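Take the given structure of chain E and dock chains W, F and A to it, following the hints.
Chains as they are written, first to last, in this note's numbering: chain E, 29 to 389; chain W, 29 to 389; chain F, 29 to 389; chain A, 29 to 389.
It is worth saying that the hints were derived from the structure and are not from the lab.
The structure displayed is predicted, hence computed values, not measured ones.
Take these hints with a grain of salt, some might be off.
As the list claims (entries may be wrong) - Listed next, the in silico SDA-like pairs over lysine to any residue satisfying Cα-Cα at most 25 angstroms (straight line):
#1 K243(A) <-> I90(E)
#2 K31(E) <-> I114(E)
#3 K368(W) <-> G267(W)
#4 K243(F) <-> I57(W)
#5 K31(A) <-> S84(A)
#6 K249(E) <-> E76(W)
There are 4 protein chains.
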Amino acid sequence: MSKLIGVLTAGGDSPGLNAALRGMGKSAIDAFGMQVLGFRDGFRGLMENRTIRLGSMELSGILTMGGTILGTSRDKPHRMPVGGKILDMTDVIEENYRNHHLEALVCLGGGGTQKNALRLKERGLNIITLPKTIDNDVAMTDTTFGFDTALGIATEAIDRLHSTAHSHHRIIVVEVMGHRVGWLALGAGLAGGADIILIPEIPYDINLLAEAVLKRSRSGKRFSIVAVAEGAVSKQDAGKPDKHKDDQSDGSTKQKTRLTSNTMRLARGLEKLTGLESRVTILGHLQRGGAPSAADRILATRLGTACTDLINEGRFGVMVAARGDGSEPVLLEEVAGKVKFIPVDHPLIRSARMVGTCLGD
Amino acid sequence: MSKLIGVLTAGGDSPGLNAALRGMGKSAIDAFGMQVLGFRDGFRGLMENRTIRLGSMELSGILTMGGTILGTSRDKPHRMPVGGKILDMTDVIEENYRNHHLEALVCLGGGGTQKNALRLKERGLNIITLPKTIDNDVAMTDTTFGFDTALGIATEAIDRLHSTAHSHHRIIVVEVMGHRVGWLALGAGLAGGADIILIPEIPYDINLLAEAVLKRSRSGKRFSIVAVAEGAVSKQDAGKPDKHKDDQSDGSTKQKTRLTSNTMRLARGLEKLTGLESRVTILGHLQRGGAPSAADRILATRLGTACTDLINEGRFGVMVAARGDGSEPVLLEEVAGKVKFIPVDHPLIRSARMVGTCLGD
Amino acid sequence: MSKLIGVLTAGGDSPGLNAALRGMGKSAIDAFGMQVLGFRDGFRGLMENRTIRLGSMELSGILTMGGTILGTSRDKPHRMPVGGKILDMTDVIEENYRNHHLEALVCLGGGGTQKNALRLKERGLNIITLPKTIDNDVAMTDTTFGFDTALGIATEAIDRLHSTAHSHHRIIVVEVMGHRVGWLALGAGLAGGADIILIPEIPYDINLLAEAVLKRSRSGKRFSIVAVAEGAVSKQDAGKPDKHKDDQSDGSTKQKTRLTSNTMRLARGLEKLTGLESRVTILGHLQRGGAPSAADRILATRLGTACTDLINEGRFGVMVAARGDGSEPVLLEEVAGKVKFIPVDHPLIRSARMVGTCLGD
Amino acid sequence: MSKLIGVLTAGGDSPGLNAALRGMGKSAIDAFGMQVLGFRDGFRGLMENRTIRLGSMELSGILTMGGTILGTSRDKPHRMPVGGKILDMTDVIEENYRNHHLEALVCLGGGGTQKNALRLKERGLNIITLPKTIDNDVAMTDTTFGFDTALGIATEAIDRLHSTAHSHHRIIVVEVMGHRVGWLALGAGLAGGADIILIPEIPYDINLLAEAVLKRSRSGKRFSIVAVAEGAVSKQDAGKPDKHKDDQSDGSTKQKTRLTSNTMRLARGLEKLTGLESRVTILGHLQRGGAPSAADRILATRLGTACTDLINEGRFGVMVAARGDGSEPVLLEEVAGKVKFIPVDHPLIRSARMVGTCLGD
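Excised from the complex, chain E in its bound form (with noise of 0.2 angstroms):
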């Protein structure tokens, strides 16, 4: 009898979770004879036995759709929100994934699916992950699918924002995703050529800020842009005890409001301290949307075929991590947990610095 794979996606979405899934399903039913079986809205389908079969059918034409076919939550095996009360579902779990006789479960997610996928391992499943996160932050791996394509998205939002800033004397402040990490903010500025980049990991001074624009301003540049990552503090508050923590963990409607007060109160700030008016906009959502790009599409087929070959060889309690043109698996309990920031040494920051970027501190 041929095997089962057991496949979720869970997290925030991301544009490439549909090529992965084709380019581990395709593998595995086409290379090995194996059979895919889909759980819709990450472990929470798993929980509730909500199952689609993944057919050559299923599996074609998806490989450029942005989002999951599968579907996505954020709800966590041991922590699942159930008829009012937040419910420890982990046995239940267990329970299906063994009835359903699964050799495998694939969790496709970012920095908390791994955390969830190794508590699963260490009940005894055969968990593989792959690394999805607009982010950038999961460790162990060079990158994640889903970044370079939200990272194109941002830049070409800055490149508008130029073309428009231009022609008015202006601050626009442009808020980029990115959770607790600058990735995103910090590539996309380097990219759009933003004038002043913020980042989670260097926390700003916000005269230093009015000093950069003024200062171009003197020089007869118009106009300033500033990117900033939703997870940006300033001195100030990056002293003080975080009691928004666990909003930030969750992405949840609070936690994104209250992020961009900050940066519709950072760009109120830049307009009293330099009397410059300033326009803000908050891509949101956009830059988890759209067709994935093609890097990300080339990543996410190779960690997905790669994972079929793991499976295959019986290698479990791995994450399929990038690393150079091929992949490598990494122990789970070297990954859960853990948060890829910027080292403050890394070679874009000594970039960013190099052509001119104000980086708030």
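Coordinates of chains W, F and A only, in the frame set by chain E:
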């Protein structure tokens, strides 16, 4: 001696301004041997006599550029901020016009610019205007350049939001520009397949919106996309006297912040009424940026060259309106002070309703 | 019992077909309680009775999709290749129409489709057509859906060629579609700032082209971009009887190969006459692909819903023409067999000349 | 006195050249107080001493521009066409280098440029190179800037062809650049989901291709998309001595015409063997044009600033290779004359086969 044509761009910037400058300028120079003098930053540059000669070289390569190489401002000749005061500078402007011995002054702008242009016409100056704005609210013209580009950008944004919205159970609210009218939101909402479209011309009832969202939810549709014009108002607010009316007409920071707050409040209101998470995207100046669409470049070139023909014929005091495949001069008196709202019986309103879009009423 | 509407898409595919199917279908179902039956692959599917029910689910999510979910073909009812022979299958088609008790048959297509539709109308069937084609050559309508999208794609291509052309001393020839007319080449050439635009309506003299290139070269401009319509002909060839006339009307491989050879020959001819290297880009089916532009989606939706209104009113035997912001039924007799060429005094021709474009004559 | 750095761009142009010039130039000026002198049109400008000072103003606003502001050529110092002859102009070039008292000469180019740079190094000049090419065939570097952009363009083209291919029963052949290697065709083919990918590294058997197309056809798939590298050869031709070898290395018109003929012949061959219509798209210089992708801008900026650091440290005679997130100097001797082919056991080759792609063997 060859005739000298003055030109300026005023109001909010709009894709296609450079294409129009090029069309007008190149044809004036090449076809009629005229010379072209640009004034910087709208009417302010005319007052301060800050000029740039627009020769073949300056006009080359700008067809595809967003923004305006002349710069723009929202200053009005008769209410110009000078040294902390608001002064009527029409005399100075007229003097500069006469000192340059201009054959004509071409003003590229939206509704506000038409009014300012009419005032100068009434002083006896030879004025021609071109209708530019992303809002499409200029009267007596089929359309305005900038609109098609902004429509494309806003539609692409809704497309992207669609692909991510599918993956989660959510309401996504996207704020679209448009000033006091709904052309941009209606167009982009229809083109993007938004489930709900809110425009100033049709005040909305938030309870009906919540009902529409819940109805979709009950029928198994996981998400709803709401395209809201920045000027849209609820039925309750529609009755109130608008104490911010003046803000509206100058596109100031205060106004923009207030409008965005409206959108955030709408999102939170829907969240509360439906129990579904909501996310907000504020496109902001994205909609003014980037290369103009092919259609806008053609329109701008067409109106720009038609403008040169009119100057050559000595036809002044008119706006060059887009009419079918061609153009038509319309007296400034018939344009100034009017706003092109969407008629409630417009074919697009009917189309939107027929394909099941909720318009909030 | 609810009315049943048949629908098919015929001729070369065009962006916006799915948007039109959705607009027509959703409004028929939701606004009037009709049912919709699709026939596959144009008139062939009607002959072979290959159908697909178009319900709300089938029509959902297709607004942004290129191509046509129904498939298409260039088959004509009265000249259908069947079992190696060309047969008149109009009787069979009429029979199928009657067996389904169709209230009306909606045919989405270009010039050829209008002719086929008229033949069926003359048999007494209730026919309505929508004008689709990237060529914009359908008579009696302001425009056709598909054209704006193809225009955008071809323009973007010319934009890209511009940026690379600047770097080398070269002639770049780009072949644009358009069948027997020059709308697409003229539009994209104008929007992309091509230096030379060649259209079927104006036969060209290659010596004049070479002169224009050399003149640019002498004035320090390193490159020339030539946008050539696939149907453009030189003055010498224009006089000759077209022995390939039949190819032209069916878009066959032989025809396409021949046209492309024309373009390659033009490039080599220019190379020889000017001594400058030339490069060729053949856009080919790129111009038919991808998501429809916002304007095309709106147009297709608008015509689709207007079509439903006409069906409801019992108005048959017409094409739903685009007219200003709205639409208008035009008798098929006034459309069939006519081609909308560019009039030589068209505003765009004048615009092109005024900004210095060489049209080859 | 401040150090003077010379810079030139050579070979075929590539997106990201301006971003690299900006990264190198801005950091040289701002971080180390150096001055920068550009030579026009590659080594030819160095020979003819045609220069442009690259100050802050010249380097501003070019980050997003395709092409190269310096111009480029394929001329080689030791084989320079001068007055109808091919001469060794290395002495003149060396003399100009010395007369300008250059601290170093930065050469941005592909494989050919590395060879030319090495020759100048052997004359004792301080040379540093950056690896640029859309072909990704430079040895000893992870990747080259230009490649990601071209990959994106070719992938988008395949996406578009997909949507139209669905509508007809057809073979669509798209010719992708790549010179003698298959990186671009493999990448774009994989990302675009091409059914068949033909690369120079794997000579193909046209009968196997036809079989693959017919197999798809029998299983109900209406179309096949073939992504063919311009350098791909059939097994029969692979054995033959390449009488055009010299063409290959200089990207001449004759070579390009010949390659395109190969593609047309392939299309006709498939048509004959399968009985299905085929259509051809030749992307040509589209793949070199337009704004560089975000990833290419970041890469180019990163390598450009790293180059400045190396100049500052007095490290010459090297290419600045991309290595992981950073960069690494590699001796020119290790790079020049080598071509980075795709290894037949490359992860992407395996991925392609695992998802069912036909590679023609």
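Hinted pair, alpha-carbon criterion (25 angstroms max): K31(E), I114(E). Please report holds or violated.
34 angstroms, violated
Would you check the hint for K249(E) and E76(W), treating anything up to 25 angstroms between C-alpha atoms as holding?
Cα-Cα ~19 angstroms, so holds.
Would the hint linking K368(W) and G267(W) be met if the CA-CA limit is 25 angstroms?
Satisfied, since the Cα-Cα distance of roughly 21 angstroms is no more than 25 angstroms.
Do the alpha carbons of K243(F) and I57(W) lie within 25 angstroms of each other, as the hint requires?
18 angstroms, holds
Take a quick look at whether K243(A) and I90(E) sit within 25 angstroms of each other, Cα to Cα.
Roughly 21 angstroms between the alpha carbons, so the hint for K243(A) and I90(E) holds.
For K31(A) and S84(A), compute the direct alpha-carbon distance and say whether it is at most 25 angstroms.
16 angstroms, holds
Violated hints amount to a single one, hint 2; each of the other numbered hints is respected by the structure.
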